[in-house]
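Enquirer: Below, each chain spelled out in residue letters.
Protein chains: 6
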Amino acid sequence: MPKLSEWLRPTRVAYAHCDLPCGVYDPAQARIEAESVKAIQQKYQDAEGQKKPSESVEDFKARCLTIKEERADLVKHHLWVLWTDYFKPEHLEAHPDLHDTFWKATKAAGDAKKSQDPSQGQELLDLIKEIDSIFWETKK
Amino acid sequence: MPKLSEWLRPTRVAYAHCDLPCGVYDPAQARIEAESVKAIQQKYQDAEGQKKPSESVEDFKARCLTIKEERADLVKHHLWVLWTDYFKPEHLEAHPDLHDTFWKATKAAGDAKKSQDPSQGQELLDLIKEIDSIFWETKK
Amino acid sequence: MPKLSEWLRPTRVAYAHCDLPCGVYDPAQARIEAESVKAIQQKYQDAEGQKKPSESVEDFKARCLTIKEERADLVKHHLWVLWTDYFKPEHLEAHPDLHDTFWKATKAAGDAKKSQDPSQGQELLDLIKEIDSIFWETKK
Amino acid sequence: MPKLSEWLRPTRVAYAHCDLPCGVYDPAQARIEAESVKAIQQKYQDAEGQKKPSESVEDFKARCLTIKEERADLVKHHLWVLWTDYFKPEHLEAHPDLHDTFWKATKAAGDAKKSQDPSQGQELLDLIKEIDSIFWETKK
Amino acid sequence: MPKLSEWLRPTRVAYAHCDLPCGVYDPAQARIEAESVKAIQQKYQDAEGQKKPSESVEDFKARCLTIKEERADLVKHHLWVLWTDYFKPEHLEAHPDLHDTFWKATKAAGDAKKSQDPSQGQELLDLIKEIDSIFWETKK
Amino acid sequence: MPKLSEWLRPTRVAYAHCDLPCGVYDPAQARIEAESVKAIQQKYQDAEGQKKPSESVEDFKARCLTIKEERADLVKHHLWVLWTDYFKPEHLEAHPDLHDTFWKATKAAGDAKKSQDPSQGQELLDLIKEIDSIFWETKK
Chain D
0 MPKLSEWLRP TRVAYAHCDL PCGVYDPAQA RIEAESVKAI QQKYQDAEGQ
50 KKPSESVEDF KARCLTIKEE RADLVKHHLW VLWTDYFKPE HLEAHPDLHD
100 TFWKATKAAG DAKKSQDPSQ GQELLDLIKE IDSIFWETKK
Chain U
0 MPKLSEWLRP TRVAYAHCDL PCGVYDPAQA RIEAESVKAI QQKYQDAEGQ
50 KKPSESVEDF KARCLTIKEE RADLVKHHLW VLWTDYFKPE HLEAHPDLHD
100 TFWKATKAAG DAKKSQDPSQ GQELLDLIKE IDSIFWETKK
Chain W
0 MPKLSEWLRP TRVAYAHCDL PCGVYDPAQA RIEAESVKAI QQKYQDAEGQ
50 KKPSESVEDF KARCLTIKEE RADLVKHHLW VLWTDYFKPE HLEAHPDLHD
100 TFWKATKAAG DAKKSQDPSQ GQELLDLIKE IDSIFWETKK
Chain F
0 MPKLSEWLRP TRVAYAHCDL PCGVYDPAQA RIEAESVKAI QQKYQDAEGQ
50 KKPSESVEDF KARCLTIKEE RADLVKHHLW VLWTDYFKPE HLEAHPDLHD
100 TFWKATKAAG DAKKSQDPSQ GQELLDLIKE IDSIFWETKK
Chain H
0 MPKLSEWLRP TRVAYAHCDL PCGVYDPAQA RIEAESVKAI QQKYQDAEGQ
50 KKPSESVEDF KARCLTIKEE RADLVKHHLW VLWTDYFKPE HLEAHPDLHD
100 TFWKATKAAG DAKKSQDPSQ GQELLDLIKE IDSIFWETKK
Chain V
0 MPKLSEWLRP TRVAYAHCDL PCGVYDPAQA RIEAESVKAI QQKYQDAEGQ
50 KKPSESVEDF KARCLTIKEE RADLVKHHLW VLWTDYFKPE HLEAHPDLHD
100 TFWKATKAAG DAKKSQDPSQ GQELLDLIKE IDSIFWETKK
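One line per chain: the protein sequences are D, U, W, F, H and V, in this order.
For what it's worth, numbering that gives the first Met the number 0 labels the leading residue of the first sequence as 0, then goes sequentially.
For what it's worth, numbering that gives the first Met the number 0 labels the leading residue of the second sequence as 0, then goes sequentially.
For what it's worth, numbering that gives the first Met the number 0 labels the leading residue of the third sequence as 0, then goes sequentially.
For what it's worth, numbering that gives the first Met the number 0 labels the leading residue of the fourth sequence as 0, then goes sequentially.
For what it's worth, numbering that gives the first Met the number 0 labels the leading residue of the fifth sequence as 0, then goes sequentially.
For what it's worth, numbering that gives the first Met the number 0 labels the leading residue of the sixth sequence as 0, then goes sequentially.
Same shape as in the complex, but just chain D (with noise of 0.2 Å):
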């Protein structure tokens, strides 16, 4: 669950001084999407009680594996731009473990589509919010 404080940014817009194409950067895009992920591999785990009537245990969880493989997809797509297109070298000097926390973090991504455990998940989400975390630090 986001801190509040992560929420608490009234000026997050204004804060958005990036070059074009959009200008416009925001973990919760990433964030987002991991908690599909997460979400995804809950019902999994509840398959029998989450299907609909109308498919089978087996299908509802072959549909789980495909949508959380797109998700898990959006997620590294979400930090990949992050982590190229929004931070620049004098963020690198002030985070010396950017590269590292985006490779773990990509790379946990990677490892949700042949996780079906909510844990792996959350894994996925912490380190999401470190990410958020030198984000928003930048952003001071």
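Calculated directly from the structure, the hints in this document are not laboratory data.
Hints may contain errors.
Calculated Cβ distances over 12 Å to all of chain D for the following chain V residues [unchecked claim]: (1) GLU54; (2) SER55; (3) PHE59; (4) ILE66; (5) HIS76; (6) VAL80; (7) HIS98; (8) LYS106; (9) GLN121; (10) SER132; (11) GLU136; (12) LYS139.
Restricting the straight-line Cα-Cα distance to at most 25 Å, the calculated cross-link-like pairs of lysine-lysine (BS3-like) are [claimed, not checked]: (13) V:LYS51 to D:LYS106; (14) H:LYS51 to F:LYS87; (15) H:LYS138 to V:LYS51; (16) F:LYS103 to H:LYS51; (17) W:LYS51 to U:LYS106; (18) F:LYS87 to H:LYS106; (19) V:LYS106 to D:LYS87; (20) V:LYS51 to D:LYS103; (21) F:LYS103 to V:LYS51; (22) H:LYS51 to V:LYS128; (23) D:LYS106 to V:LYS106; (24) H:LYS51 to F:LYS106; (25) H:LYS128 to F:LYS106; (26) W:LYS87 to U:LYS138; (27) U:LYS106 to W:LYS87; (28) F:LYS138 to H:LYS106; (29) W:LYS87 to U:LYS103; (30) V:LYS103 to V:LYS128; (31) D:LYS106 to V:LYS139; (32) F:LYS87 to W:LYS138; (33) W:LYS138 to D:LYS51; (34) U:LYS128 to D:LYS138; (35) V:LYS87 to V:LYS103; (36) W:LYS103 to U:LYS103.
Cβ atoms here follow ideal geometry from the backbone N, Cα and C, with glycine treated the same way.
The hints should help you fit chains U, W, F, H and V onto chain D, whose structure is shown.
Expert: What follows is chains U, W, F, H and V alone, placed relative to chain D:
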């Protein structure tokens, strides 16, 4: 700018009890893309000051249009998903303008492709904010 | 099966007076994808008889689900485009059920992902036919 | 304009006995996108009269090109799918020009990206009509 | 490891006399995706040994199928682009089997979706190698 | 022309001990797209000589930019996949500049969208070649 109260929702993930696929919905996805749309419209107006030395003003403007086209499409997509997948008949009863608000907002996203005026982008953001209010109302 | 009268429209292209981007709309795009959805549901029911010798029944069914997911998404997409881009306020006045019909049809496309029953696919096709009737009514 | 006889095929869905993925093929998909291509070429020629007040002639033309690029790609895609997935060796025997007709049509779709002349778009539509005739011939 | 001489082909780009878009074609794109297809077929056969501890054999196989579906689509796409965009009538004269070879290869890519047998993937690779030979023959 | 010896690398696939999805990685994918980027920059410089008679110089340049945008995105994508999916901690130990090289290369791909100068495209190709060297070093 999102109202402070919009971000003061520590329980937001806990509220997401919807069906697979993801069960996680958030109007922030549409909003972030719409912020990009408006930022591009602003940069278009100041093309001379915003372009890189390595590109001409004409090139910069052409790129603004191409990228805005995509971002506006993403706004539409995220709104359509919310409308069809998240909202249920009981929400419509409580918010009889639901369909119309979404229709206007997605049409405004389409208009954004044809307008380089940031005030148009602001109208789009205002409509998304209306949707955001309804959305979080239903989560209470 | 589309009614004969649906195809008896020699003037269909001439009627397309809408704005760029394309100015050409046709509910046939949604219908063709929905026919695929129903055909996949039918083949799923006869997996043993439909699968290739080079794949197992389980594999065939898993592929049915993956492909149906995509086709159903395309149905949604084509319907959303019609709803937002083609239909105008004057059409809504003449067809007050417009929003609801699109909402039901796109929701039925979503349900198609969770159902392997061809009668569900038929319901989706019936809803698209309603939209098709309204569409051609507005072209008169 | 599609010939009346083209639309007089009440059995069209019943004929679709092909393999999963979809088993449903229809040259209408390529034709609709090609109609968009031609409509864009026409609007480009009348940019002054077609553009919205909120965009310049240059912007409108740039958008025409971007959108035409995508539509022409979709024409290619739908034709390629028909060629590889629908047509079988026995069809080639009965229609020895099959390969060449598809080659010409997909090349014409590529040329459409480089031409703003609606008569070029019409040539593309004529080639798709040839394919449509062959297609329905094979369905008899 | 690509030998130095591979990077020392000053004529490679110079040979690309085709139209914008890219003017750069290379059958390696199709080949790399086809190698993925075959690798997935091999891993499917050894699912027990290849799966991660965090996933079941059934899950691993389902993911194999989903991913193979996409990779095979990319093979088709790259081959179609080569066929339509790169090859010219004079190439067809010199290589009268051109159309048929591409038809077979793209059909083999389609078959790869329905087969978990690595020897099927090898046949696909062999067909791509034929195309590769023709391609480089035309570059001489 | 790829030499016979290129196809005679029996160890190429065998070297790919990575996880499903594909287990097949090759920096050639990024390189080919980057060659397109540079070729487009070159053609842009000679727009008058490169455009088709059916398009204006302005149209040709606008299309150059749109297509370059996509190709540059593909370069980024292929590089990101290599960085996250292929490279492992032991590779980082042996090549401590790994992260930085990928960061520079993906940033150069982003810069390519804003530059019409072929020497910029060459810098991108040089960075990809560095990555290619590291990649094949790890395969030894």
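Enquirer: Measure nothing beyond the straight line between the CA atoms of W:LYS87 and U:LYS138; if it is 25 Å or shorter, mark the hint as holding.
Expert: 31 Å, violated
Enquirer: Does V:LYS51 lie within 25 Å of H:LYS138 when you go C-alpha to C-alpha?
Expert: 23 Å, holds
Enquirer: Checking a non-interface call: every C-beta of chain D should be farther than 12 Å from the C-beta of V:HIS98. Is that right?
Expert: Answer for V:HIS98: violated, closest chain D Cβ roughly 4 Å.
Enquirer: Within 25 Å, alpha carbon to alpha carbon, are F:LYS87 and H:LYS106?
Expert: Holds, at roughly 10 Å.
Enquirer: Determine whether the non-interface label on V:SER55 survives the test: each CB of chain D must be over 12 Å from its CB.
Expert: 25 Å, holds
Enquirer: Take a quick look at whether H:LYS51 and F:LYS87 sit within 25 Å of each other, Cα to Cα.
Expert: 40 Å, violated
Enquirer: With a cut-off of 25 Å on the C-alpha distance, tell me whether U:LYS106 and W:LYS87 pass.
Expert: 10 Å, holds
Enquirer: Take the C-alpha atoms of V:LYS51 and D:LYS103, compute the straight-line distance between them, and say whether it is at most 25 Å.
Expert: Violated, at roughly 48 Å.
Enquirer: Taking the shortest Cβ-to-Cβ distance between V:LYS139 and chain D, state whether it exceeds 12 Å.
Expert: For V:LYS139, whose nearest Cβ neighbour in chain D is about 23 Å away, the distance exceeds 12 Å, so it holds.
Enquirer: If I take the minimum Cβ distance from V:GLU136 to any residue of chain D, is it greater than 12 Å?
Expert: Non-interface label stands for V:GLU136: nearest chain D Cβ at 19 Å, farther than 12 Å.
Enquirer: For the pair supplied as a hint, W:LYS87 and U:LYS103, is the alpha-carbon distance within the 25 Å limit?
Expert: Judged against 25 Å, a Cα distance of about 10 Å means the pair holds.
Enquirer: Under the criterion that the straight-line Cα-Cα distance not exceed 25 Å, is the pair F:LYS103, V:LYS51 satisfied?
Expert: 18 Å, holds
Of the numbered hints listed earlier, those contradicted by the structure are 5, 6, 7, 8, 13, 14, 16, 17, 20, 22, 24, 26, 32, 33.
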